[in-house]
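Peer 1: Given next are the chains, with one letter for each unit.
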Amino acid sequence: MFGDIFNAQFVASSIRVAIPLALAGLGGVFSERSGVINIGLEGMILSGAFTAVAVTNFTQNPWAGVLGAILVGILLGLIHAVTCITFKANQIVSGVAINLFASGITVFFCWLLFNETQIMVKTSLPIWGLPLPSIGEGSTFARNIIVMFAHYSPLVYLTIIIFILAHLILFKTPFGLRLRSVGEYPQAADTMGVNIIKMRYMAVMTSGALAGLAGSFLSLEQAHFFVKEMSGGRGFIALAAMIFGKWTPLGTAGAALLFGVGEALAMRLQGVLAIPVQFIHMVPYLLAIFVLVSAVGRATPPAADGIPYEKEIG
Amino acid sequence: MKSIKKFDYYTLLEKITPLIAVIFALLVGAVVIMLIGENPIFVYKTLFSNAIGNRDGWGNVLFRATPLIFTGLAVAFAFRCGLFNIGGEGQMYIGTFLATWVGFTFTNLPAFILIPLCILTAAAGGALWAAVPGILKAKTGVHEVIVTIMMNWIAASFTFFLVLKFKAPPTEAMVAAGVKQMIPHTREIAEAARLPRLYPILQSLNIDFPAYNQVNVSFFIAIGVAILAYYILWKTNLGYEIRAVGYSPLAAEYGGISVAKNIILAMMISGAFAGLVGTNEVMGFKYKWRQELFTGLGFNGIAVALLGKNHPLGVVLAAILFGILNYGGAIVNIFTEGRIPRELIMVLQAVIVIFVVISDEVVKRLIRQRRKIL
Numbered sequence: 028m029f030g031d032i033f034n035a036q037f038v039a040s041s042i043r044v045a046i047p048l049a050l051a052g053l054g055g056v057f058s059e060r061s062g063v064i065n066i067g068l069e070g071m072i073l074s075g076a077f078t079a080v081a082v083t084n085f086t087q088n089p090w091a092g093v094l095g096a097i098l099v100g101i102l103l104g105l106i107h108a109v110t111c112i113t114f115k116a117n118q119i120v121s122g123v124a125i126n127l128f129a130s131g132i133t134v135f136f137c138w139l140l141f142n143e144t145q146i147m148v149k150t151s152l153p154i155w156g157l158p159l160p161s162i163g164e165g166s167t168f169a170r171n172i173i174v175m176f177a178h179y180s181p182l183v184y185l186t187i188i189i190f191i192l193a194h195l196i197l198f199k200t201p202f203g204l205r206l207r208s209v210g211e212y213p214q215a216a217d218t219m220g221v222n223i224i225k226m227r228y229m230a231v232m233t234s235g236a237l238a239g240l241a242g243s244f245l246s247l248e249q250a251h252f253f254v255k256e257m258s259g260g261r262g263f264i265a266l267a268a269m270i271f272g273k274w275t276p277l278g279t280a281g282a283a284l285l286f287g288v289g290e291a292l293a294m295r296l297q298g299v300l301a302i303p304v305q306f307i308h309m310v311p312y313l314l315a316i317f318v319l320v321s322a323v324g325r326a327t328p329p330a331a332d333g334i335p336y337e338k339e340i341g
Numbered sequence: 010m011k012s013i014k015k016f017d018y019y020t021l022l023e024k025i026t027p028l029i030a031v032i033f034a035l036l037v038g039a040v041v042i043m044l045i046g047e048n049p050i051f052v053y054k055t056l057f058s059n060a061i062g063n064r065d066g067w068g069n070v071l072f073r074a075t076p077l078i079f080t081g082l083a084v085a086f087a088f089r090c091g092l093f094n095i096g097g098e099g100q101m102y103i104g105t106f107l108a109t110w111v112g113f114t115f116t117n118l119p120a121f122i123l124i125p126l127c128i129l130t131a132a133a134g135g136a137l138w139a140a141v142p143g144i145l146k147a148k149t150g151v152h153e154v155i156v157t158i159m160m161n162w163i164a165a166s167f168t169f170f171l172v173l174k175f176k177a178p179p180t181e182a183m184v185a186a187g188v189k190q191m192i193p194h195t196r197e198i199a200e201a202a203r204l205p206r207l208y209p210i211l212q213s214l215n216i217d218f219p220a221y222n223q224v225n226v227s228f229f230i231a232i233g234v235a236i237l238a239y240y241i242l243w244k245t246n247l248g249y250e251i252r253a254v255g256y257s258p259l260a261a262e263y264g265g266i267s268v269a270k271n272i273i274l275a276m277m278i279s280g281a282f283a284g285l286v287g288t289n290e291v292m293g294f295k296y297k298w299r300q301e302l303f304t305g306l307g308f309n310g311i312a313v314a315l316l317g318k319n320h321p322l323g324v325v326l327a328a329i330l331f332g333i334l335n336y337g338g339a340i341v342n343i344f345t346e347g348r349i350p351r352e353l354i355m356v357l358q359a360v361i362v363i364f365v366v367i368s369d370e371v372v373k374r375l376i377r378q379r380r381k382i383l
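Chains as they are written, first to last, in our numbering: chain A, 28 to 341; chain B, 10 to 383.
Rather than coming from a laboratory, the hints here were simulated on the basis of the structure.
Ideal Cβ positions, reconstructed from N, Cα and C, are used throughout, including at glycine.
Don't take each hint at face value.
[As the list claims (entries may be wrong)] With a straight-line Cα cutoff of 20 Å, these simulated EDC-like cross-link-like pairs (lysine to aspartate or glutamate) come out:
(1) A:255 <-> B:301
(2) A:338 <-> B:301
(3) A:115 <-> A:256
(4) A:115 <-> B:23
(5) A:115 <-> B:65
(6) B:176 <-> B:200
[To be verified] Over 12 Å on every C-beta distance to chain A, these chain B residues come out as not near it, computed from the model:
(7) 63
(8) 84
(9) 133
(10) 161
(11) 164
(12) 165
(13) 174
(14) 182
(15) 246
(16) 297
(17) 305
(18) 312
(19) 314
(20) 369
(21) 373
[What the hints assert, rightly or not] A few chain B residues that face chain A, going by a derived Cβ cut-off under 10 Å, partial list only:
(22) 45
(23) 48
(24) 142
(25) 163
(26) 168
(27) 173
(28) 176
(29) 217
(30) 308
(31) 352
(32) 354
(33) 367
(34) 376
Using the sequences provided together with the hints, build the complete structure.
Peer 2: What follows is the structure in structure tokens.
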């Protein structure tokens with residue numbers, strides 16, 4: 028039984044489940060490090076998922092779909108930035124509005140363009156890596172290694188590169204230092220000549236791009252279709268991963284992997300134990316609440332997180 | 010004298026910002042309709058004339074407004090305590106399912122016991138579900154936004170499990186045809202648990218009203234709950250404490266008010282309001298629980314509360330406006346043979362929310378500037 032659950036396939040599926048959560052969570056890291064709460068990640072993932080499928084089916088090119096998803100994410104990020112940074116509106120309200128907007132507009136266009144509630148992906152991205160030897164041919168060990176490390180969608184490798192870059196940018200460059208200072212103590216950063224507004228706009232739009240990319244992975248690579256509300260609360264689980272990862276890229280990646288393992292485990296246990304499938308479906312959400320509670324007292328958000336910047340105080 | 014006049018003008022402006030936001034959103038909608046290649050004037054005329062041009066339309070509008078009054082009040086009430094309850098969807102699922110269960114289980118009870126029992130169960134179920142994020146927020150400080158959303162998905166799975174457990178037996182026609190229930194649903198609730206529709210009441214008053222109209226007594230329950238929310242918030246000690254926590258938790262704590270207690274209570278009352286959606290959807294309309302993935306009523310409650318400026322009267326008016334848009338949107342969809350998808354209304358609602366928050370901020374800043382100059 029143990030071997031049935033914990034095998035190479037299990038590792039691979041954990042990683043696949045973790046990718047969208049990690050990408051969206053990283054979006055949350057960028058946004059909140061600059062001082063803007065982004066509840067709209069959920070809607071950005073959903074819009075990205077729809078755009079990826081729609082553009083792929085129209086152009087027959089999944090890479091164009093991925094690019095479209097990123098652009099739509101940036102656009103929604105821009106809307107969030109305008110409402111929260113320029114107009115200083117309540118950031119949670121703006122995020123909620125983006126989620127409502129995304130739920131409506133995706134189904135709206137689904138009907139308008141395809142006349143259906145569910146659209147299948149016509150072409151997927153190629154699998155990159157070593158060719159998979161068929162079972163029985165060659166050693167099982169070599170096969171397992173390939174399954175675990177070298178047989179994925181290009182977006183999986185891209186995600187790993189993005190995370191390394193994000194870590195370097197945030198913690199090893201002057202730009203990253205400025206971004207973090209804007210989220211911790213914007214008045215001081217402003218005195219040092221950092222353009223608060225510009226930094227926050229860039230951060231929020233980056234978070235939109237990452238959430239859009241997460242959405243494209245979800246629809247193009249995981250589900251191979253788009254259906255309404257398919258983001259399934261992942262934007263919020265990603266926020267939980269971000270908090271558990273203490274607002275750092277590597278921590279967020281680790282927390283996302285934890286969710287990946289949890290979900291993959293639940294899916295596998297379903298076949299072994301007689302648990303109703305509905306309870307299996309609850310696992311990621313229960314895990315998110317559990318993770319949040321256990322992060323209490325350990326994880327401190329950036330000091331200026333959620334506070335609009337006012338130049339003159341008083 | 011002149012300065013006082015100007016000041017009044019801005020206070021008025023602050024009051025009517027939601028109206029400005031709605032007008033802007035309708036303009037955005039007009040642009041979208043034109044992009045699809047339809048005539049916005051025709052679309053809006055069809056929408057409004059069918060929704061509020063006759064009694065049948067008004068009935069349908071109020072029927073659709075009723076659940077939104079409940080979910081809107083839920084969001085508004087929690088907001089007064091500084092809490093964002095976006096878990097109305099889940100609270101409504103649990104409350105509604107439990108009320109349905111009571112309705113088809115205790116079938117021997119007379120109506121004057123069973124109806125209040127079902128209503129109280131709906132409220133209790135919602136309160137129970139909202140207590141979890143409330144307690145977590147009060148005791149550990151975990152943000153209620155993420156927890157309430159997670160609780161929505163857990164509620165959806167949990168009710169799915171329950172509906173399969175209490176599934177209605179297949180009808181003879183279904184057995185003969187060898188088909189199963191496409192969408193799982195429970196047995197119907199007892200006759201004694203059903204709320205009367207407005208049709209027989211209006212008929213006895215000699216008012217002409219179509220018999221098939223679904224508007225029912227639940228609308229009056231919703232109005233009653235709105236008055237109750239107003240009473241609790243502005244006429245009781247509890248409401249005073251809840252609002253004090255909403256203004257400034259630190260100041261409230263310093264003034265001897267228990268922040269934790271009020272957070273939990275505000276969440277539970279908010280959840281109870283959301284749970285009462287069941288009075289309209291099951292006790293007054295479907296008479297059974299049908300499993301669906303998110304009706305959107307809980308989420309639209311957020312938009313209703315924001316548009317209504319988190320005031321019970323505003324919530325009722327905003328819910329009626331959304332009722333008009335929803336029903337009118339459905340009619341437009343039929344009139345244009347599906348060329349205008351119903352989801353246009355969802356997009357409009359989201360645009361209204363964005364414009365409400367922006368115009369609120371702009372007006373606030375205008376007033377602040379004005380006061381500085383004066």
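Peer 1: Each hint should be assessed against the structure and marked as holding or not.
Peer 2: Against the structure, the hints:
At roughly 13 Å between alpha-carbon atoms, residue 255 (chain A) and residue 301 (chain B) fall within 20 Å of each other, so this suggested pair holds. Simply put, residue 338 (chain A) and residue 301 (chain B) have alpha-carbon atoms about 48 Å apart, too far for the 20 Å limit, and the pair is violated. A distance of roughly 29 Å separates the Cα atoms of residue 115 (chain A) and residue 256 (chain A); the hinted pair therefore is violated under the 20 Å criterion. Between the alpha carbons of residue 115 (chain A) and residue 23 (chain B) the distance comes to roughly 17 Å, so the proposed pair stays at or under 20 Å and holds.
Proposed proximity of residue 115 (chain A) and residue 65 (chain B) is contradicted: the alpha carbons are some 43 Å apart, above 20 Å. The suggested pairing of residue 176 (chain B) with residue 200 (chain B) holds, with an alpha-carbon distance near 19 Å, which does not exceed 20 Å. Residue placement check: residue 63 (chain B) keeps its beta carbon more than 12 Å from all beta carbons of chain A (closest about 28 Å). Non-interface call for residue 84 (chain B) relative to chain A: violated, since the shortest CB-CB distance, roughly 10 Å, does not exceed 12 Å.
With 12 Å as the threshold on Cβ separation, the claim that residue 133 (chain B) sits away from chain A holds: the shortest Cβ distance comes to roughly 22 Å. Distance check for residue 161 (chain B) against chain A: the nearest CB is about 7 Å away, which does not clear 12 Å, and the non-interface claim fails. Distance to chain A contradicts residue 164 (chain B) as a non-interface residue, since its nearest Cβ pair spans about 9 Å, not more than 12 Å. Distance check on residue 165 (chain B): its Cβ comes as close as 8 Å (rounded) to a Cβ of chain A, failing to clear the 12 Å threshold; non-interface status is violated.
Distance to chain A contradicts residue 174 (chain B) as a non-interface residue, since its nearest Cβ pair spans about 9 Å, not more than 12 Å. In this structure residue 182 (chain B) is separated from chain A by more than 12 Å, as the shortest Cβ-Cβ distance comes to about 27 Å. Separation of residue 246 (chain B) from chain A is adequate, the least Cβ-Cβ distance of about 28 Å exceeding the 12 Å criterion. Listed as outside the interface, residue 297 (chain B) is consistent with that label: its C-beta sits roughly 19 Å from the nearest C-beta of chain A, beyond the 12 Å cut-off.
The Cβ of residue 305 (chain B) sits about 7 Å from the closest Cβ of chain A, inside the 12 Å cut-off, so the non-interface label is violated. At roughly 6 Å, the least C-beta separation between residue 312 (chain B) and chain A is not larger than 12 Å, which violates its mark as non-interface. Residue placement check: residue 314 (chain B) does not keep its beta carbon more than 12 Å from all beta carbons of chain A (closest about 10 Å). A beta-carbon of chain A is positioned within 12 Å of the beta-carbon of residue 369 (chain B); the least distance is around 7 Å.
Non-interface call for residue 373 (chain B) relative to chain A: violated, since the shortest CB-CB distance, roughly 9 Å, does not exceed 12 Å. Below 10 Å, beta-carbon pairs count as interface contacts, and residue 45 (chain B) has one with chain A at about 7 Å; its hint therefore holds. Hint status for residue 48 (chain B) relative to chain A: violated, with the closest Cβ pair at about 17 Å, above 10 Å. Hint on residue 142 (chain B) holds. Least Cβ distance to chain A is approximately 9 Å, under the 10 Å limit.
At a threshold of 10 Å, the smallest CB-CB gap from residue 163 (chain B) to chain A is about 5 Å, leaving the interface hint in force. For the restraint placing residue 168 (chain B) at the interface with chain A, the shortest Cβ-Cβ distance is roughly 9 Å, inside the 10 Å limit, so the hint holds. Evaluation of the residue 173 (chain B) hint against chain A yields a held restraint, the C-beta minimum of about 8 Å falling below 10 Å. For residue 176 (chain B), the suggested interface contact is broken, since its CB lies about 13 Å from the closest CB of chain A, more than 10 Å.
Here the hint on residue 217 (chain B) is broken, as its CB sits about 36 Å from the closest CB of chain A, past 10 Å. Restraint check, residue 308 (chain B) versus chain A: the minimum CB separation of about 6 Å is within 10 Å; hint holds. A least Cβ separation of about 4 Å between residue 352 (chain B) and chain A falls short of the 10 Å threshold, and the interface hint therefore holds. Hint status for residue 354 (chain B): holds, given a least beta-carbon distance of 8 Å to chain A, under 10 Å.
A distance limit of 10 Å between C-beta atoms decides the matter here; for residue 367 (chain B) the minimum to chain A is near 5 Å, and the interface restraint holds. Because the closest C-beta pair between residue 376 (chain B) and chain A is about 14 Å apart, greater than 10 Å, the hint is violated.
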